[in-house]
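Engineer: Note that the protein sequences, when read in sequence, are chains V and P. Positions 1 to 192 (the numbering used here) are the ones given, in order, by the first sequence. Positions 1001 to 1355 (the numbering used here) are the ones given, in order, by the second sequence.
Please keep in mind that the hints were generated in silico from the structure rather than gathered at the bench. What you are looking at is a predicted structure, and each value in this text was computed from that prediction instead of being measured. Any given hint could be a false lead.
[Said to hold, decoys possible] Covered by chain V, per the in silico footprint, the following chain P stretches (three or more residues, Cβ under 8 Å):
hint : stretch
1    : 1081 to 1089
2    : 1097 to 1108
3    : 1164 to 1173
4    : 1306 to 1312
Glycine residues also receive a C-beta, built at the ideal position from the N, C-alpha and C atoms.
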Amino acid sequence: MTRYAMAIDQRRCIGCHSCSVACRTWNELPLDIIYNPVLGGVAEGTWPNVHRNYLPTLCMHCKNPECVPCCPTGASQQDPDGVVWVDYKKCMGCKVCVNACPYGMRDTSHMVRRFDEFVRKCTFCKERREMEPGADPYCVQTCHQKARVFGDIDDPDSAISKLIGRADTFRLLEELGTDPQIYYIPDLGGTR
Amino acid sequence: MDMKQYQQENAEIQYKHRYWGFQIATYLFLGGLGGGILFLSWVLTTFVFPGTSLVQAFMLPNFIALLAIVLGLFFLVEELGQPPVFYRAYVTATSIIKWGAVLLTIASFGDLFWLLGNWSPEVPILGFLSVFNFLGGLSGLWLGAAGIAGFGIMVYTGVMLSTLKAHSFWSTPALPILFTTSALSTACAGIMLSLCGWPGVAAMSDLVAAHHVHELLHVLDIILGFAELTILLVMVLSFLGAGNRTQQRVAQRWVKGSYAGWFWIGMIGLGLVVPLIMNASGNPAAGTIACILVLCGGCLLRFLCVWSDDRQPLEGENKYYFRQKHADMKFATYYSKPGKEMERGQTFEYIDNLY
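All chains should be built: construct the whole structure from the sequences, respecting the hints.
Structural biologist: Next up, the structure:
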């Protein structure tokens, strides 16, 4: 069974925000919506041993998503391959899923016409894979540092399975029990 | 911007913007008030004072309950991103909002049918609605349905917030208890203010029964006031002392931060302690003012709770959205306005000025 996940190698990320730009361009997002903000970038350490640690984020496509069961319209859904997405035609913009997401990875745009607001979020470029089977999400394709690795985590031969298998990883807010499917490989000089 | 100013502004940042506005806070208050009135009205007429005719006495409170629920629903729908398709809220069984919508619908129609079934032709202008008096044959059923649904609404308003575990301050079993207590307290106040206020002549026996109801609600409101005060203080102070970082940050805002005035003077002082003293004094005029203060305190409680929607920030999220809010968004929105496109040189100058 296919189970999509992403590994993000913080050792490689230089905080260039190309993934954010690629995502915004492909999805034609309004200015106040970002699916994959690159957080962090705070200088850490003591001179001369200083470094910047970036935290590229996106929807965690959790195995136990908080945002799906709370949706009153059934617009917020999860595919068998683990991709959490919103059916814009069903969404009424109540924002309960936006409040339910512990990662803050959903939002409605305030720059669209009134009465036309719906919840938007990352879909692992589901629409692209429907047109080009096997294609990576745009943020993965764009990352010139190869910091993002996407694939089927249930396939032991996939690049992501191999990477996660041999590296020390962590996941964000794991204690909430959402079982997020974004695995981070911590920075060499990282705080963890 | 110097570091001190940056840190000061940073301390009060809500991660991204606030998702739910004043509409949801108002809806939670009005829903609780309406649900509470219907529940108390059902319990008092059916179980506490059976055999007495309290229909005329409870006409105005139940009419106010209907108005509160309908107005609350209006705010709820207005807050939606796509209000014309609000009916989609009834679809998913796992969603707490769906059950809220069902309860609100049952309560509204139950109350409406009860009112129409007991509508008097003496009511000015709207006397013609007495043609629906045939619904009065099932009065008990309508009020029972509305009362049970009303209880559900009172609990649901708190449960809806407490199920969202992304927000630490909401995600506590104390919140539904607090909201239910507050809803009952405001309902007592609402009923006491409006009991026997419906146009029409009531029999002396009904007025005596209504007086007993008023006395009972007076005592009940004092008890509920004490309970609410205790739950509120225990919840906020335990968050302050033993909560996680997010709960502590919100509790600090309530106890000694930007909400301290609203919390101590508005909610604890004027919303709970002063009404308790006034109610205990036994003065009827003071009792009326106490009821109004209780209603204002209940409304303030919903607003402060909805505004306490802090989420545990991800690493560096604070900095990211601070920068976006104060510089990038200003630049981006300005740059995107038609007719205001800047030349390359101007763009760099604009960015320099921002930082």
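Engineer: If you test the structure against every hint from before, which numbers come out violated?
Structural biologist: none
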